[in-house]
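If you want the building blocks of each chain, they are given just below.
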Amino acid sequence: MATSMSMSTSTSSGRSEKRRRRLGRLGPNLVLITAAVFFIAPLVSMTRFAFQTIPMVKLGWSTLFDRWSLKSLTEAFKEPFFWPTLALSLKLAAGTVFITLALLIPTGLYVHLRLPKARGLVEFLTVLPYVVPPIALVAGVAAFFRPNARWFLNSNYSLVPLYVVMALPFTYRSIDAGIRAIDVRTLVDASRSLGASWPATLRRVLLPNMSASIIASAFLTATVVLGEFTIARTLAKNTFPIFSFDYFGRKAQGGISLALFTLVGTTALLGFFTLVTRGKARRQVTRF
Amino acid sequence: MTALIYGAVRKTFGTNVALEGLDLALTTGELVSLLGPSGCGKTTALRIAAGFERADSGTITVAGKDITNLAPHKRNMGMVFQGYSLFPNLTVEGNVEYGLRTRKVPAEERRRRVGEMLELVQLSTMAKRYAHQLSGGQQQRVALARALAIKPEVLLLDEPLSALDAKVRATLRDEIRRIQTELGITTLFVTHDQEEALAISDRVGVMSDGKLEQLGAPTEIYRHPASAFVARFVGSMNQLPASVLGPDAVQVAGMTVATTAGAGLATNQQVRLLVRPEDLALVEENAGLPGSVTATTFQGTSTIVAVRLDALDALVSVHTRGASAAAITLGERVVVGIDGTRAVCEIVTEDAA
Chain A
1 MATSMSMSTS
11 TSSGRSEKRR
21 RRLGRLGPNL
31 VLITAAVFFI
41 APLVSMTRFA
51 FQTIPMVKLG
61 WSTLFDRWSL
71 KSLTEAFKEP
81 FFWPTLALSL
91 KLAAGTVFIT
101 LALLIPTGLY
111 VHLRLPKARG
121 LVEFLTVLPY
131 VVPPIALVAG
141 VAAFFRPNAR
151 WFLNSNYSLV
161 PLYVVMALPF
171 TYRSIDAGIR
181 AIDVRTLVDA
191 SRSLGASWPA
201 TLRRVLLPNM
211 SASIIASAFL
221 TATVVLGEFT
231 IARTLAKNTF
241 PIFSFDYFGR
251 KAQGGISLAL
261 FTLVGTTALL
271 GFFTLVTRGK
281 ARRQVTRF
Chain B
289 MTALIYGAVR
299 KTFGTNVALE
309 GLDLALTTGE
319 LVSLLGPSGC
329 GKTTALRIAA
339 GFERADSGTI
349 TVAGKDITNL
359 APHKRNMGMV
369 FQGYSLFPNL
379 TVEGNVEYGL
389 RTRKVPAEER
399 RRRVGEMLEL
409 VQLSTMAKRY
419 AHQLSGGQQQ
429 RVALARALAI
439 KPEVLLLDEP
449 LSALDAKVRA
459 TLRDEIRRIQ
469 TELGITTLFV
479 THDQEEALAI
489 SDRVGVMSDG
499 KLEQLGAPTE
509 IYRHPASAFV
519 ARFVGSMNQL
529 PASVLGPDAV
539 QVAGMTVATT
549 AGAGLATNQQ
559 VRLLVRPEDL
569 ALVEENAGLP
579 GSVTATTFQG
589 TSTIVAVRLD
599 ALDALVSVHT
609 RGASAAAITL
619 GERVVVGIDG
629 TRAVCEIVTE
639 DAA
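So the sequences go chain by chain: A and B.
Residue numbers for the first sequence follow the working numbering, beginning at 1 and rising by one.
Residue numbers for the second sequence follow the working numbering, beginning at 289 and rising by one.
Hints were generated in silico from the structure; no laboratory data involved.
Possibly wrong hints are sitting among the right ones.
[Claimed, not checked] Chain A side only, calculated, beta carbon under 7 Å to chain B, not exhaustive:
1. Thr74
2. Glu75
3. Glu79
4. Pro80
5. Thr186
6. Ala190
7. Arg192
8. Leu194
9. Gly195
10. Pro208
11. Thr267
[Unchecked claim] Some but not every residue of chain B turned toward chain A, in silico, with C-beta under 7 Å:
12. Asn357
13. Pro360
14. Met365
15. Phe369
16. Ser373
17. Pro376
18. Tyr386
19. Arg391
20. Pro506
21. Thr507
22. Tyr510
23. Ala514
24. Phe586
25. Val623
No residue lacks a Cβ here, since even glycine has one placed at the ideal position from N, Cα and C.
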């Protein structure tokens, strides 16, 4: 009797445990589904709007598989400003990435090795561009350079230093995380004791072991440049985001297809770099 | 012939004096350990030899050449670090080859040397592995091979065993000594572990507050400590309140102990007599100080007996051997005899008293 009672108690407590676990999972799943709908629904809508040659009022469940075409995108490719603006934005991205890395890697290493107490201050300074609106930044820059160095503002490449500042909050964090992930001091000392100069130590030891964070940092920088609108518009530079926006004004379907093109392109790049650096990142983790 | 000489090396960090005029000379092929508590300056001394820190004053000489102001990468020093220092992006052989590449050694010679070094540390089968695929002990062996591959003039070991577990530590410690002896390489070994230092060194330098308290063979350091600090830091030590009777005797709780430890001190000077557990013995009645056994620790070949002395109300450890020692029971009345031959006297200051 007592045994059967205890068995039934344990069965019911097992059931309630299962129910509790199921309910416990429901909350996070609900959040996940809501988030997915929030992000995926607009993307699906954009894709249908961009690549289905059907009037918008007729876009419903019944027309889900009708008249799909890449025409809006191929037409955008044929626009006279498509390739020049894309080329300019890619060049600006490359320049920004180069200068950002050239500035931040030595700075991060120097702060880590020689001025560890200044780490908090440097972090604070790198966050500042995040709290200063781009319009305020560009207004200040224009007000200063227009009377003093107009030639600087006339060049398309005047955007590069501004983009470097804009990208700082993201890029410094990534580089700093890369430096913290390895025992920089010991690796530097080991390399130096084995006869390597500072540049050789940087090239053969530090950069290869920070590659994952360097690539992440470069990618974040490029993403900032390829999506930046305010500064380019204010300084009247015809970059890819400006072209996309203007094109959207003229041909809404084409503009959306360009936005999707950029999204897919950057996501593919991110995926590629993640795959490339995964092995290296794994090697950086020491297990015993 | 001397291989490495510290000449009155002084180093400060702000107001903290890390090294106070260190004088030390290592002869070719010997292994000298710098032993001391954290912050005593031992690692600073090693880093100054490696070139990672600059001395405020004094000189560092290697094989007769002054290298005090030479950059680290221009000194021919091999170093093994406390933390795991293998380059994660390189394989084991890539790591060992690193120093040879920086010296632009031809490929054929590099391959041969890497093979030799990996054989020396018995890791030839792991040449293609990365650091994360090795255990801590294996990583330190590779680090040792990497440091030795460049044929350094001096090998610097900065607590290379401290991150390892006890068993691996003991094995690697012996392996380091075997390799060092085999290659005859002058080695400076920094450690806070007295057992490690005493086990593998030709000479041990005990440091405290930036100063070298004593430099000597392990047995000399253990048996004839030059100061109370060395006596306390190396091995375990009993402390007994005593007063000086003369140059060859002190009195402990009314019992006269023959020792020269009080030589040079005034008669009736209050001191602490520092005596090792193995210099205390359980003796016949009237030949020592009576007390009760409070604990026994069996250690295989010997037994440590803790005795509370009646006259001093102080606890002492007695190192005993033989079958009778194992039969001692808790609370048993015993008599503790003191052999003062190797004892050290420490003056009791008013504050300490």
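Cross-check of the supplied hints:
Violation of the interface hint for Thr74(A) is found here, the shortest Cβ-Cβ separation to chain B being roughly 44 Å, above the 7 Å cut-off. Because the beta carbon of Glu75(A) sits about 47 Å from the nearest beta carbon in chain B, more than 7 Å, this interface hint is broken. Below 7 Å, beta-carbon pairs count as interface contacts, and Glu79(A) has none with chain B, the closest being about 45 Å; its hint is therefore violated. Evaluation of the Pro80(A) hint against chain B yields a violated restraint, the C-beta minimum of about 46 Å exceeding 7 Å.
The beta carbon of Thr186(A) is positioned within 7 Å of a beta carbon in chain B (closest approach about 5 Å), and the interface hint is therefore held. A least Cβ separation of about 4 Å between Ala190(A) and chain B falls short of the 7 Å threshold, and the interface hint therefore holds. Using the Cβ-Cβ criterion of 7 Å, the hint placing Arg192(A) at the interface with chain B is satisfied: the shortest such distance is roughly 4 Å. Proximity of Leu194(A) to chain B holds as hinted, the smallest CB-CB distance being about 4 Å (cut-off 7 Å).
For Gly195(A), the shortest C-beta to C-beta distance to chain B is roughly 4 Å, which falls under 7 Å, so the interface hint holds. For Pro208(A), the suggested interface contact is upheld, since its CB lies about 4 Å from the closest CB of chain B, less than 7 Å. Interface hint status for Thr267(A): violated, as the beta-carbon distance to the closest one in chain B is roughly 28 Å, over 7 Å. The closest approach between the C-beta of Asn357(B) and any C-beta of chain A is roughly 15 Å, which is over the 7 Å cut-off, so the hint fails.
For Pro360(B), the interface hint holds, the least distance from its beta-carbon to any beta-carbon of chain A being 4 Å, beneath 7 Å. The closest approach between the C-beta of Met365(B) and any C-beta of chain A is roughly 6 Å, which is under the 7 Å cut-off, so the hint is satisfied. Taking 7 Å as the C-beta cut-off, the interface hint given for Phe369(B) holds, the closest approach to chain A being about 5 Å. Among the interface hints, the one on Ser373(B) holds; its C-beta lies about 4 Å from the nearest C-beta in chain A, closer than the 7 Å criterion.
Proximity of Pro376(B) to chain A holds as hinted, the smallest CB-CB distance being about 5 Å (cut-off 7 Å). Checking Tyr386(B) against chain A: minimum C-beta separation of about 5 Å stays under 7 Å; hint holds. Hint status for Arg391(B) relative to chain A: holds, with the closest Cβ pair at about 6 Å, below 7 Å. Look at Pro506(B): its Cβ only gets to about 28 Å from chain A, farther than 7 Å, so that hint breaks.
A distance limit of 7 Å between C-beta atoms decides the matter here; for Thr507(B) the minimum to chain A is near 33 Å, and the interface restraint is violated. For the restraint placing Tyr510(B) at the interface with chain A, the shortest Cβ-Cβ distance is roughly 32 Å, beyond the 7 Å limit, so the hint is violated. Interface hint at Ala514(B): violated, since its Cβ lies 33 Å from the closest Cβ of chain A, which is beyond the 7 Å cut-off. Hint status for Phe586(B) relative to chain A: violated, with the closest Cβ pair at about 33 Å, above 7 Å.
Because the beta carbon of Val623(B) sits about 51 Å from the nearest beta carbon in chain A, more than 7 Å, this interface hint is broken.
Consistency note: the structure conflicts with the earlier hints numbered 1, 2, 3, 4, 11, 12, 20, 21, 22, 23, 24 and 25.
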